[in-house]
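**Student:** Please build the complex by placing chain D on the supplied structure of chain V, with the hints as guidance.
So the protein sequences, as listed, match chains V and D.
The opening residue of the first sequence carries number 544 in our numbering; numbering runs sequentially from there.
The opening residue of the second sequence carries number 11 in our numbering; numbering runs sequentially from there.
Don't read these hints as lab results, they were simulated from the structure.
Each residue gets a CB set at the ideal place from its N, CA and C atoms; glycine is no exception.
There may be inaccurate statements among the hints.
[As the list claims (entries may be wrong)] Pair ranges (Cβ atoms, derived):
id	chain 1	residue 1	chain 2	residue 2	range
1	D	LYS63	V	GLU730	32 to 42 Å
2	V	ASP636	D	ASP59	47 to 57 Å
3	D	PHE89	V	GLU760	27 to 37 Å
4	D	ALA34	V	GLU730	29 to 39 Å
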Amino acid sequence: MDLEAIVQRSEALFRDQDLSAVKEWKSRTGGKVIGFMPVYVPRELIHAAGALPVGVMGAGEHAEIIRGDAYFQSYICRIPRSTIELGVSGKLDVLDGFLFPAICDVIRNLSGMWKILFPQKYARYVDLPQDFGAAGRAFYRRELEGMAEDFTRLTGKAVTAEALRRSIKVYNENRRAIARLYDLRSEAPHLVPTWELYLILRAANVLEVTEHTKLVEAYAQAARQSKRPERDYVRVVVSGAFCEQPPLGLIRALESSGCYIVDDDWVLGARYLVEDVIEDGDPFDALIDAYATKTVSTASRYESTALKGKFLVEQVRSRRAEGVVFAAPSFCDPALLERPMLQAVLSEQGIPHTGFKYAENTGQIQSIKEETGTFADSIKLWGTA
Amino acid sequence: MFLTLGIDVGCSAVKASLMQFDPAGGGPKLLTSEGEKIRKRNVKDVIGDCYEKVLTKQGVKAGDVAYVASTGEGELVDFRRGHFYSMTCHSRGGLFLAPQVRAVVDMGALHAKAITMDEHARVLEYRMTSQCASGSGQFLENIARYLGVATEDIGQLSLTAKQPETVSGICAVLAETDVINMVSRGIATNDIIKGIHLSMARRLVSLLRVLKAEGDVLATGGLAQDAGLVAAMQELAEKDKMAVRFIADPLSPFAGAIGAALWAAVRHVKLRGTSRSSSEARA
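Chain V on its own, in the form it takes in the complex (with noise of 0.2 Å):
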């Protein structure tokens, strides 16, 4: 498949909120899907049940939000309004369960929303901890013998340690083909716009994951392999943007206003274990020990003070980037409060920075778009924002 043809494909599985893609996975499998919101899940669980993870962010920048507003106050950010407007309006019908992992209280109380509105269908409030020691994870175990004994009621099929192990390494593997379209990117962004690299990411929210690595696999060749022009432009990480995600047109309006985006941190649960996870031994411990030890650092994530900004300084550095742009949805207490201590480490190391605030639906990308313009002219030419 040509480049093109992966983009649009990549585009039209983005833009289908009928879920399509997921539809058609079960009616030919017959297998269970479960939903799940960002940032972090273990899919290897659900995929060792036989089940389909499905990554569910928002509604996007163009469903209109009726009944979703009803059930939220108007100070939050939007995804858990345009989630509920997508679920009473049959749209994730095609899920058979739904995870919410703990980032904030806003996804904590959709979780209690969706079982009130939705008893008949399997929800679980995946309680991540925060304690990576000896407590946290025996707690984690817990939890993820817990789900793995929801996934084997909901299925049908045990989640056996041999299931789980050939769960783990295909997963690794998709994590891995990420990881070096993330390291072409970086090396080469003129060959990776990071609108593309989006969608390719996003696929992989609807698709098995064994189809997902071989979609990016696909892109990253036909992306190496294009004759895109090298433009003047300023290497920025993205950060921030973790949960609800940005409409396509900013990511674009991003780009387009001189700057490559060497990093960022959206769909990040595709991404959140840095390295692999144990493919031998016991694989609940092998999840375990990668949960504590091999993830990136983000907000929803607790961190010591010592170390904050430790992990955002270091991709700056391991990717030449020449300044920092915060985009966070607004209302995001995870994102929000921790910028000011993220941008008090960056400014202490000199490196650049701006910020904006945004939602799903955002319209307003001109003023945006002059903010990060503004910021890439002053790298260029005074080296300092």
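**Tutor:** For chain D alone, kept in the frame of chain V given last:
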């Protein structure tokens, strides 16, 4: 010696400027500037025509240009090397055209901006008009069409006004309604136009007042050619006792393209990694 080219893709016109730099000294030299009205044509075609026109006029080939920089709707310029924001370019172009200015007012077809800068053309602050079209060149062109006046005659007509009529400065729809009423009341065309100029000037002068602009202020963008509008800004600024003098240059509409070409040179020198500092390209 090297060449750079700036292309400013606006809402109603595309402008291109070709500049020559001699690292041995002498400062940047503006070789030529060309503009093309878009007039419902495909913008990419207009960009291509404008680009060709500049190169042909100077007898240079595309490969002779070291760096092409876009500004405005730059993503439409497929052959660009880099892109700079409009205020970054208008401040630099303004400083080139009038080295004494520390403020420019960029008056385009859809938006207007007031910008203050330092002696290196680094933007210090800026303010934009709100989204309403009543402060824009497009609005003025529409009014000229309703009144049956050629766009290039607007400025001189305005300067002959005796009793300008007040026009809504808030909304283009209300302003157009005002104009229709004035025509039916038999108000002279020059008084109507001056009223519109004063209404637009009020908004622009307010932006500059907020920025505490002082001294010479260069008008840039397509509307800088409108002597009536520049005079209206001066009139209001004097009434408000602001210490500013509005000036315009025949090349003011090209300030964005000139600025882009100048910044292109800074980046070219930097990327080329010469031992010479990029400040020589700024000279």
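**Student:** Next, verify each hint and record whether it holds.
**Tutor:** Verification of the supplied hints:
1. Checked against the hint of 32 to 42 Å, the pair LYS63(D) and GLU730(V) passes, with Cβ atoms roughly 38 Å apart.
2. Between ASP636(V) and ASP59(D) the Cβ separation comes to about 54 Å, which falls inside the hinted range of 47 to 57 Å.
3. Look at PHE89(D) against GLU760(V): about 32 Å separates their beta carbons, and that is inside 27 to 37 Å.
4. Taking the beta carbon of each, ALA34(D) and GLU730(V) are about 37 Å apart, inside 29 to 39 Å as hinted.
Hint check: no violations occur; every hint is consistent with the structure.
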